[in-house]
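Protein chains in written order, with this note's numbering: chain R, 1 to 323; chain B, 1 to 323; chain L, 1 to 323; chain W, 1 to 323.
None of these hints come from the bench; they were simulated from the model.
Cβ coordinates follow ideal geometry from the N, Cα and C atoms, glycine included.
Do not rely on the hints blindly, as some may be mistaken.
To be verified - Cβ-to-Cβ under 10 Å is the rule here; a few derived chain W residues that face chain L:
no.	residue
1	V53
2	V68
3	A121
4	K192
5	R233
6	Y240
7	L247
8	N249
9	F260
10	A263
11	L264
12	K267
Given next are the chains, with one letter for each unit.
There are 4 protein chains.
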Amino acid sequence: MLSNRFNQLMFNNIRYYSTSGKPLIGFIGLGNMGGHQAMNLIKKGHNLVVFDVSKDNVNRLADKGAKVAQSPAEVAKQADVIVTMLPASAHVKSVYCGENGILSTIKPGTLLLDSSTIDPATAREVADKAAQHKATMLDCPVSGGVGGAEAGTLTFMVGGSAGDFEKAKPYLECMGKNIVHCGDVGTGQVAKVCNNLVLGISMIGVSEAMNLGVKLGMDPKKLAGIFNTSSARCWSSELYNPCPGVLENSAATRGYTGGFGSALMNKDLGLAVDSAKSIGEPLFLGNSAHQLYTLVCAKGEGHRDFSVVYEYLQKNNQDNNKK
Amino acid sequence: MLSNRFNQLMFNNIRYYSTSGKPLIGFIGLGNMGGHQAMNLIKKGHNLVVFDVSKDNVNRLADKGAKVAQSPAEVAKQADVIVTMLPASAHVKSVYCGENGILSTIKPGTLLLDSSTIDPATAREVADKAAQHKATMLDCPVSGGVGGAEAGTLTFMVGGSAGDFEKAKPYLECMGKNIVHCGDVGTGQVAKVCNNLVLGISMIGVSEAMNLGVKLGMDPKKLAGIFNTSSARCWSSELYNPCPGVLENSAATRGYTGGFGSALMNKDLGLAVDSAKSIGEPLFLGNSAHQLYTLVCAKGEGHRDFSVVYEYLQKNNQDNNKK
Amino acid sequence: MLSNRFNQLMFNNIRYYSTSGKPLIGFIGLGNMGGHQAMNLIKKGHNLVVFDVSKDNVNRLADKGAKVAQSPAEVAKQADVIVTMLPASAHVKSVYCGENGILSTIKPGTLLLDSSTIDPATAREVADKAAQHKATMLDCPVSGGVGGAEAGTLTFMVGGSAGDFEKAKPYLECMGKNIVHCGDVGTGQVAKVCNNLVLGISMIGVSEAMNLGVKLGMDPKKLAGIFNTSSARCWSSELYNPCPGVLENSAATRGYTGGFGSALMNKDLGLAVDSAKSIGEPLFLGNSAHQLYTLVCAKGEGHRDFSVVYEYLQKNNQDNNKK
Amino acid sequence: MLSNRFNQLMFNNIRYYSTSGKPLIGFIGLGNMGGHQAMNLIKKGHNLVVFDVSKDNVNRLADKGAKVAQSPAEVAKQADVIVTMLPASAHVKSVYCGENGILSTIKPGTLLLDSSTIDPATAREVADKAAQHKATMLDCPVSGGVGGAEAGTLTFMVGGSAGDFEKAKPYLECMGKNIVHCGDVGTGQVAKVCNNLVLGISMIGVSEAMNLGVKLGMDPKKLAGIFNTSSARCWSSELYNPCPGVLENSAATRGYTGGFGSALMNKDLGLAVDSAKSIGEPLFLGNSAHQLYTLVCAKGEGHRDFSVVYEYLQKNNQDNNKK
């Protein structure tokens, strides 16, 4: 009760701020990524009202002055702009369209910025429902990882009209460095999914080729050097080489810790696979790559960096096939 | 008969030149690539003795002053250095070790530079046999295509001892710009095969992702732009994008003509697949990529540029599934 | 025993409601399969009330004495037992749970028999909702094709409790010959999806092996004979061989017409792929098989029998790779 | 030396016997399979002269009265009929065409029966060389495993002319029950390779489907029962089900021990892959299956029965992805 009362008071305060000319920003989803993003908005001088299912996550933001809401609906009642950062499509549907969801209380004219990575079809579906409430929703998935979220250097891939993109840009610039307009609603997700499709495939490709070359007698640094000055050049070889020791600061060199987990890559490849399936387009290597990451995760390596596929794919040293 | 007599005379002349301090260079395999390479050696002032199964190919070089031999053995009898550029492992075995092959008449101390792309095991096997004749063989496969061969800007990936590499370098520099020492005999082929393994995989990956993105509503140039500034960045997207219109001068934009044929990519992926098989290492995406190019070739597209996989993989416009 | 007695009484009540003493059977989805199934129920003396989006489909049944309803809701208002045969999960959700759907007007105690092939998760979800309306839903997907539907010789794979299975059996026996109890709700779909997963994979396997053998000089009938008496023996080789001419009455021999379309196999493999994905289990060959059928459909062959993969996979006769 | 002298004497005796109307049978390769085959020939009253690299293997046969030779050449000098059972193509080439090989001393008119499983191209190549020595070689690979070899119930798939097949049959019938004429030289290998291609693919298919079904709640025996009465029916499900407990006497039920090792399946799939590659035919599932067995072997499971792929493919029980 007390906390409800407290919220009621806070609510009035917020209303007050909100009408004083400064927009109130709602933030829902304060995990590894969202927590840093919300913090950066506060650092840039914004007032926030936040919600998360974890009290710890909420408290970290409350300590920095964010107002606390008890549900997405309560956020939406107050906020002029809402940023969401959620794990998957199902969470986005529930936070926006579910009971006590954003759309149940949203104010006309609210700007909705979803930076979750979800399938493009869901992004369009939820944006359509938001439009029925006269709210504008843009899909703004990110790349850059937890490090980029903390440093405020994320890349945002934004789907929405040119006009809406201009409205969203100032807020996104508080959290990222590179804000790219991809096209209409949904294309932010399309860009993210397609980018990570290439990334997953080329990481496996580089892993297979590095392993093959090393087993056939080549020095790994020399082999990577040839790749990087030739037609095998790619981000996975040059900046994130999966062979331990090739790069001083790679995830591979520190035992495949940190970085971008295999389970996350598996999720993103799954989005690509689903999207292609929904329109009947073949995705041969995409599917094979997805299966390989599914196997890596099934064997308990989902938490390790996605470059661990290098280690996973190679022949065991102790060959006990002849037992 | 006359031409034999003529050759005999030329032969004597050559011997003379050859002992005058200037090495005589043999060149075997004067096709699309080798023809240009031989021409560049002549341009740099070298004397050549050449052989090819095609008279037309031979005549083009003879017109520029090259001596003509009737067999690899006849080349080897005279030359101090021999460069070979042949289609596949079987030709290399035959030209070096067959009847009337190079090793049947080779002079001790001859330097053998094989710029064919073949499997590393064959490269090592033939080099071993050459060593039994006190000749030194290095594997020097190239990248850069017909354009690079003509312009003399090829990259050579060289396998052999450091000392032998230094001896080979001046000759290779007449034909290429970037001469890379990869390690011991065979590693030139390893580097080439591994490089093209990554290339084939990433070309299919980029093709699948560009197709998926475009079909889901993205502008192809914008999508490629995002790839090229993010973690999907790779040679296949940046310099050789398979989607027509994205790059002004790509093979894709000119109807997948010219460039590097699908049949050649299929051959190189086949070398990777065979090499991995011979040592029991898995090659998941490599095998899938090889199968895809096998299918592309089986359907009659082997002569088109390897980026044609973009066109091949997509759904037909006239969907007659509901017939 | 008591509960059986009780059921007997309930059954009589139902009989009574139906007015003539005979239960009224609703049938929704009167396409290629459902039309024949409904006809067989009429032939066995049942009274039907039917709905389909196509008037032609409805009229064929009306001509045989079926009552016509204008919506699933109108069917459900009257029927004691409802059979549905729909194309995919989305249709099942809509026909049962949508506006004017079955559950909007359903009578307590109604027996719901869904013979559509859909994903097991949706089957369970809809059955749960039916239970909230005190109705009992069983998943009863079929095998046997249009021929089996017409002849009344379908196999039904049934998911539901043992008691409910006994209630459903008399109705299913009017439409099929082999009524198999698979386990709890959803397992009928599981059995169907897993069966067709093996079927799709083995059809491709037999196609690849028959093609390879024939191209290497074997007589196709002799090769099939060896398979069928050895460890390659399978339904796809023995009863449905994809090589034209091996079996007199196969789809292959009549130009891949009739039979089970590639688009349907693609759909069923898609269900397997989705189910495995939802629980994180790898499905390597299942995914490759799905991609191959996706490609077959993308090239416009979705309407041809699924054994057409034999024709699709092989090398073109006119090899124009050397153009 | 003494034993050489002894052999010399025996040699004379053998010649004598050999001309007395009873053919002397040479046997080379007395391992797990060949040892039993040779024993069965002796049991049927044949005189044998044998060679193997292992003295233990040779001694077992010598104890039963077989003459011992020191090389394939020494076998060939004496024998009228020679049976070989060797691990792979390289051994066949060496035993027949190498130094001290069969062809170096072979008598005109000798009948050569190679029951090794090798690639069809090598089978034809060696048969051609034998023909140059006026000897007749047939490829006679077997199925039936060590059990069948011991019991004399092997299936022989025989490639050669109809007349030669008739000459070979009486000898093969001493070692097997089912002697199948496949066509010209090489087709015995083609049949074997194609059969095992289907076998490997369907074993993985059944494994994936059994695993999927069980994880989705189905009883494994019930699921197998449905497969075996429906279109998923195949040898791998019915007689060799990979799910432990489904069949009482399967390799799966006894911990994947005994049976046909994964490394052997990997070898046979490799022959299929190579054969398809050599003629440019696609082999999508065949390649994926080969890669999967390559991975199984790379992880040290090559010695376990090939149905172990069921165990290998599934998700670990202890899901530590969330670590």
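Against the structure, the hints:
1. V53: At about 30 Å, which exceeds the 10 Å cut-off, the nearest Cβ of chain L leaves the hint on W/V53 violated.
2. V68: Interface hint status for W/V68: violated (35 Å vs cutoff 10 Å).
3. A121: holds (9 Å)
4. K192: Nearest chain L Cβ about 9 Å off; hint holds.
5. R233: holds (5 Å)
6. Y240: Given a least distance of 8 Å, the restraint on W/Y240 holds.
7. L247: Cβ of W/L247 sits 15 Å from chain L, so the hint is violated.
8. N249: violated (16 Å)
9. F260: holds (9 Å)
10. A263: Since chain L brings no Cβ nearer than about 17 Å to W/A263, farther than 10 Å, the hint is violated.
11. L264: violated (13 Å)
12. K267: violated (16 Å)
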